[in-house]
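Trainee: So the protein sequences, as listed, match chains Y and G.
The first sequence begins at 1 in the numbering used here and counts up one residue at a time.
The second sequence begins at 1 in the numbering used here and counts up one residue at a time.
Hint data in this document are derived by calculation from the structure and do not stem from the laboratory.
Small disclaimer: the values here were computed from a predicted structure and weren't measured.
Check each hint, because a few of them may be wrong.
[Unchecked claim] Pairs of lysine to aspartate or glutamate residues, derived as EDC-like cross-links and limited to a Cα-Cα distance of at most 20 Å, are as follows:
{"hint": "1", "chain 1": "G", "residue 1": "LYS138", "chain 2": "Y", "residue 2": "GLU14"}
{"hint": "2", "chain 1": "G", "residue 1": "LYS292", "chain 2": "Y", "residue 2": "ASP55"}
{"hint": "3", "chain 1": "Y", "residue 1": "LYS92", "chain 2": "Y", "residue 2": "GLU147"}
{"hint": "4", "chain 1": "G", "residue 1": "LYS135", "chain 2": "G", "residue 2": "ASP166"}
{"hint": "5", "chain 1": "G", "residue 1": "LYS292", "chain 2": "Y", "residue 2": "GLU56"}
{"hint": "6", "chain 1": "G", "residue 1": "LYS312", "chain 2": "Y", "residue 2": "GLU60"}
{"hint": "7", "chain 1": "G", "residue 1": "LYS315", "chain 2": "Y", "residue 2": "GLU14"}
{"hint": "8", "chain 1": "G", "residue 1": "LYS312", "chain 2": "Y", "residue 2": "ASP55"}
{"hint": "9", "chain 1": "G", "residue 1": "LYS292", "chain 2": "Y", "residue 2": "ASP57"}
{"hint": "10", "chain 1": "G", "residue 1": "LYS312", "chain 2": "Y", "residue 2": "ASP57"}
{"hint": "11", "chain 1": "G", "residue 1": "LYS315", "chain 2": "Y", "residue 2": "GLU60"}
{"hint": "12", "chain 1": "Y", "residue 1": "LYS64", "chain 2": "G", "residue 2": "ASP306"}
{"hint": "13", "chain 1": "G", "residue 1": "LYS293", "chain 2": "Y", "residue 2": "ASP57"}
{"hint": "14", "chain 1": "G", "residue 1": "LYS315", "chain 2": "Y", "residue 2": "ASP57"}
{"hint": "15", "chain 1": "G", "residue 1": "LYS135", "chain 2": "Y", "residue 2": "GLU14"}
{"hint": "16", "chain 1": "Y", "residue 1": "LYS131", "chain 2": "Y", "residue 2": "GLU82"}
{"hint": "17", "chain 1": "G", "residue 1": "LYS315", "chain 2": "Y", "residue 2": "GLU147"}
{"hint": "18", "chain 1": "Y", "residue 1": "LYS74", "chain 2": "G", "residue 2": "ASP306"}
{"hint": "19", "chain 1": "G", "residue 1": "LYS358", "chain 2": "G", "residue 2": "GLU22"}
{"hint": "20", "chain 1": "Y", "residue 1": "LYS92", "chain 2": "Y", "residue 2": "GLU130"}
{"hint": "21", "chain 1": "G", "residue 1": "LYS312", "chain 2": "Y", "residue 2": "GLU82"}
{"hint": "22", "chain 1": "Y", "residue 1": "LYS74", "chain 2": "Y", "residue 2": "GLU60"}
{"hint": "23", "chain 1": "G", "residue 1": "LYS440", "chain 2": "G", "residue 2": "GLU385"}
{"hint": "24", "chain 1": "G", "residue 1": "LYS69", "chain 2": "G", "residue 2": "GLU22"}
{"hint": "25", "chain 1": "Y", "residue 1": "LYS74", "chain 2": "G", "residue 2": "GLU181"}
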Amino acid sequence: MTINHTISVLVSNEVGVLSRIVDLFSGRGYNIESLTVAPTIDSIYSRVTIVTPADEDVIEQICKQLNRLIPVIKVAHLSVDEAIEYEIGLIKVLVDDKNKAEFLNIVAQAKATIMDVTDKIYTVKIDGTEKEVQTFAELIRGYGIKEFVRSGKVAITKGNQFSNFKNKKDE
Amino acid sequence: MNKVMYTGAEILLKSLIEEGVEEVFGYPGGVVLPLYDALYVQNDIKHYLVRHEQAAVHAAEGFARVSGKAGVAIVTSGPGACNTITGLANAYYDGTPMVLITGQVNSKLIGGDAFQEADIVGITRSCCKHNYLVKDVKDLARVVKEAFFIATTGKKGPVVIDIPVDVFNAKCTFNYPKNVELVGYNPNYKGHPLQIHKALEALFDAKRPVIISGGGVVASNASKELIELATKLHIPVVHTLMGTGTYPDSLETSLGMMGMHGNYCANLAVSNADVIFAIGTRFSDRITGSLKKFARDAQVIHVDIDPCSISKNVKAGIPIVGDIKNVLTTMLHQLSKSNHKINLELKNKWFNDIAEWKTKVAIPQKTSGKLSALTVLNSIQKFIEPDEPVVATEVGQHQMWTAQNFKFNKPRKLVTSGGLGTMGFGFPAAMGAAVANKNKYVINIAGDGSIQMNIQELMTCVDYGFKVINCIINNGYLGMVRQWQEKIYNAHYSQTKISSPDFVKLAESYGALGIRVTQEDEIIPALKRAVEFEGPVLIDFVCENFEMVYPWVLAGDSIDNVLLSREDG
Numbered sequence: 001m002t003i004n005h006t007i008s009v010l011v012s013n014e015v016g017v018l019s020r021i022v023d024l025f026s027g028r029g030y031n032i033e034s035l036t037v038a039p040t041i042d043s044i045y046s047r048v049t050i051v052t053p054a055d056e057d058v059i060e061q062i063c064k065q066l067n068r069l070i071p072v073i074k075v076a077h078l079s080v081d082e083a084i085e086y087e088i089g090l091i092k093v094l095v096d097d098k099n100k101a102e103f104l105n106i107v108a109q110a111k112a113t114i115m116d117v118t119d120k121i122y123t124v125k126i127d128g129t130e131k132e133v134q135t136f137a138e139l140i141r142g143y144g145i146k147e148f149v150r151s152g153k154v155a156i157t158k159g160n161q162f163s164n165f166k167n168k169k170d171e
Numbered sequence: 001m002n003k004v005m006y007t008g009a010e011i012l013l014k015s016l017i018e019e020g021v022e023e024v025f026g027y028p029g030g031v032v033l034p035l036y037d038a039l040y041v042q043n044d045i046k047h048y049l050v051r052h053e054q055a056a057v058h059a060a061e062g063f064a065r066v067s068g069k070a071g072v073a074i075v076t077s078g079p080g081a082c083n084t085i086t087g088l089a090n091a092y093y094d095g096t097p098m099v100l101i102t103g104q105v106n107s108k109l110i111g112g113d114a115f116q117e118a119d120i121v122g123i124t125r126s127c128c129k130h131n132y133l134v135k136d137v138k139d140l141a142r143v144v145k146e147a148f149f150i151a152t153t154g155k156k157g158p159v160v161i162d163i164p165v166d167v168f169n170a171k172c173t174f175n176y177p178k179n180v181e182l183v184g185y186n187p188n189y190k191g192h193p194l195q196i197h198k199a200l201e202a203l204f205d206a207k208r209p210v211i212i213s214g215g216g217v218v219a220s221n222a223s224k225e226l227i228e229l230a231t232k233l234h235i236p237v238v239h240t241l242m243g244t245g246t247y248p249d250s251l252e253t254s255l256g257m258m259g260m261h262g263n264y265c266a267n268l269a270v271s272n273a274d275v276i277f278a279i280g281t282r283f284s285d286r287i288t289g290s291l292k293k294f295a296r297d298a299q300v301i302h303v304d305i306d307p308c309s310i311s312k313n314v315k316a317g318i319p320i321v322g323d324i325k326n327v328l329t330t331m332l333h334q335l336s337k338s339n340h341k342i343n344l345e346l347k348n349k350w351f352n353d354i355a356e357w358k359t360k361v362a363i364p365q366k367t368s369g370k371l372s373a374l375t376v377l378n379s380i381q382k383f384i385e386p387d388e389p390v391v392a393t394e395v396g397q398h399q400m401w402t403a404q405n406f407k408f409n410k411p412r413k414l415v416t417s418g419g420l421g422t423m424g425f426g427f428p429a430a431m432g433a434a435v436a437n438k439n440k441y442v443i444n445i446a447g448d449g450s451i452q453m454n455i456q457e458l459m460t461c462v463d464y465g466f467k468v469i470n471c472i473i474n475n476g477y478l479g480m481v482r483q484w485q486e487k488i489y490n491a492h493y494s495q496t497k498i499s500s501p502d503f504v505k506l507a508e509s510y511g512a513l514g515i516r517v518t519q520e521d522e523i524i525p526a527l528k529r530a531v532e533f534e535g536p537v538l539i540d541f542v543c544e545n546f547e548m549v550y551p552w553v554l555a556g557d558s559i560d561n562v563l564l565s566r567e568d569g
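Using the sequences and the accompanying hints, generate a full structural model.
Mentor: Take a look at the structure:
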């Protein structure tokens, strides 16, 4: 069954490492739903979080193929139940005086934050799970969304678990 | 601490010497001039000048296949580097250790579309194991050390080092690192002892076991352990094209090659097995045929150094990630401690079935008055048998006929393009084999199509006196494609009839020996002349046009559906 999987990849922070990962996906016919990259606290490493639709056999192969890349240090396949997942949406919305009160109410309910205001446009920030961000966007769609930027997912395991992090040696 | 300053070019050569490199294949050009200048003033490394960069990489691969060491090639930037892509992809597919040095434009010009600039790190990313762009001469020695380490460990493969001209010219001290530190690269060599134990138990209990020996057995130098294990456990062995020679064809328990053009008995044994012990094979579509129908009743034990190969195509019940030699040695050790008695009676029916399948072989076809390719190849096989020279092949019908009919009793004797199926591979690879073999004669079995893809290397062979004997099975067609057209495309021979130059005159114009053979009784005298000649030879065997390769399993079919002649199916 094809579902979205979240993979967290720890890589050496070196030139071209992202290209290697992206080339692997395109070259082997895998899809990327979302992708985020940023250095870890130790800037010689970066963390890449990839969301990819795949069935069980394919996701296993994707993880193995990622592990095969020399600058890839660890690959973790995060299960939905055991991970905290998070993303951010930035949305520019058309708001006029007539519907302003109603709009602000929705923003407050959803715990979104107003980042910038002009006479016509409100720019709001929403964070949460992929679904929460999507739901909020759907709710305010009627006002007229001028721009919608989302960060893509970042994720981390819950509690004391790192068990999904496999060193290449452990395979 | 060594305080003497060296140029990047000198550091590269010193690093190659540290890695034990004595021979390189290459072709100079603008940005590698500093390197070629450094080569000029030294005698430790012998450089062979080829006539096309593709041939340099194939030659490095041929050298690596025969010697077991990493092959090295040097080319210039842009077109030089781009010409290596086929060779890299070939080596990557077949897991051949290799280090390719490509020149690059001045690091300050990179990205500005300079003359002969190509983004070779980008271009080669998907056809090599790893690649480097060296921007600082201080990194060069470390990068070379890492490149050789990566190329020759784990699943072996080619590594590219792209070096800008200013890095060749820049100076620094030279201290070759003793160790590599690659946190992200730790191939697992040992194999899990419990998994190995489980595998052994499964093999003990098997009624219809078979071993598939692949190219990994060659890479791991595990032929001896394979023979010992198969003998002790009484298990018949089939091999893939890349596994040729890992299990001696002379043994009764060898069932020969399996797959699309594999032996009937090999394919039937795999199809009917209850336990398949797959060692160092990727389960390519050329050996599995229809995956759905492949070995449906079998429990699969799969050993490979590359976790990606396991359960990629065929699901493994007992996966073992590790170096084959280590895994088989552990298995032999466990076997020696076990008091399990092998019950041969359990396998009686299995051996009887196999003996019966062995009687079913391809039916020789009636040919025209022209020479039969099979007659030629069988004569060559008999002639070379006592010498056991390295045999290279190009790709096509002649390659399959060679794999089917030649007897290989040792690994590293057949040099052929397996995964990528590269026409034009055999001749330059045979040159590399000749270098690795200190110029004992090497046979290259070729087709009239393939030989024309890198024929320019005749000049290289003449220059260095390489004794490469090219035996051209000249049937006037791109035979394998024609064979498919005959069977599947209503004999529409679309663009497969191919003309050739007068190979005898061509050879002579290069300063090589050319011989034409049209009659059976001319075959042996021609080979005798060829072996005596101190240089490259082209033998043009003028053969029947429409001979077919059998056994044959049509693409996508189940591998037990073996056609043995034109009349079949």
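Trainee: Each of the hints needs a verdict: does it hold here or not?
Mentor: Each hint, compared with the structure:
| no. | hint | verdict |
| --- | --- | --- |
| 1 | LYS138/G with GLU14/Y | holds, 17 Å |
| 2 | LYS292/G with ASP55/Y | holds, 18 Å |
| 3 | LYS92/Y with GLU147/Y | holds, 5 Å |
| 4 | LYS135/G with ASP166/G | holds, 9 Å |
| 5 | LYS292/G with GLU56/Y | holds, 18 Å |
| 6 | LYS312/G with GLU60/Y | holds, 9 Å |
| 7 | LYS315/G with GLU14/Y | violated, 35 Å |
| 8 | LYS312/G with ASP55/Y | holds, 13 Å |
| 9 | LYS292/G with ASP57/Y | holds, 15 Å |
| 10 | LYS312/G with ASP57/Y | holds, 8 Å |
| 11 | LYS315/G with GLU60/Y | holds, 12 Å |
| 12 | LYS64/Y with ASP306/G | holds, 9 Å |
| 13 | LYS293/G with ASP57/Y | holds, 18 Å |
| 14 | LYS315/G with ASP57/Y | holds, 9 Å |
| 15 | LYS135/G with GLU14/Y | holds, 13 Å |
| 16 | LYS131/Y with GLU82/Y | holds, 17 Å |
| 17 | LYS315/G with GLU147/Y | violated, 46 Å |
| 18 | LYS74/Y with ASP306/G | holds, 16 Å |
| 19 | LYS358/G with GLU22/G | violated, 46 Å |
| 20 | LYS92/Y with GLU130/Y | holds, 18 Å |
| 21 | LYS312/G with GLU82/Y | violated, 27 Å |
| 22 | LYS74/Y with GLU60/Y | holds, 14 Å |
| 23 | LYS440/G with GLU385/G | holds, 14 Å |
| 24 | LYS69/G with GLU22/G | holds, 11 Å |
| 25 | LYS74/Y with GLU181/G | holds, 16 Å |
In terms of the numbered hints stated before, the structure departs from hints 7, 17, 19 and 21, listed from lowest to highest.
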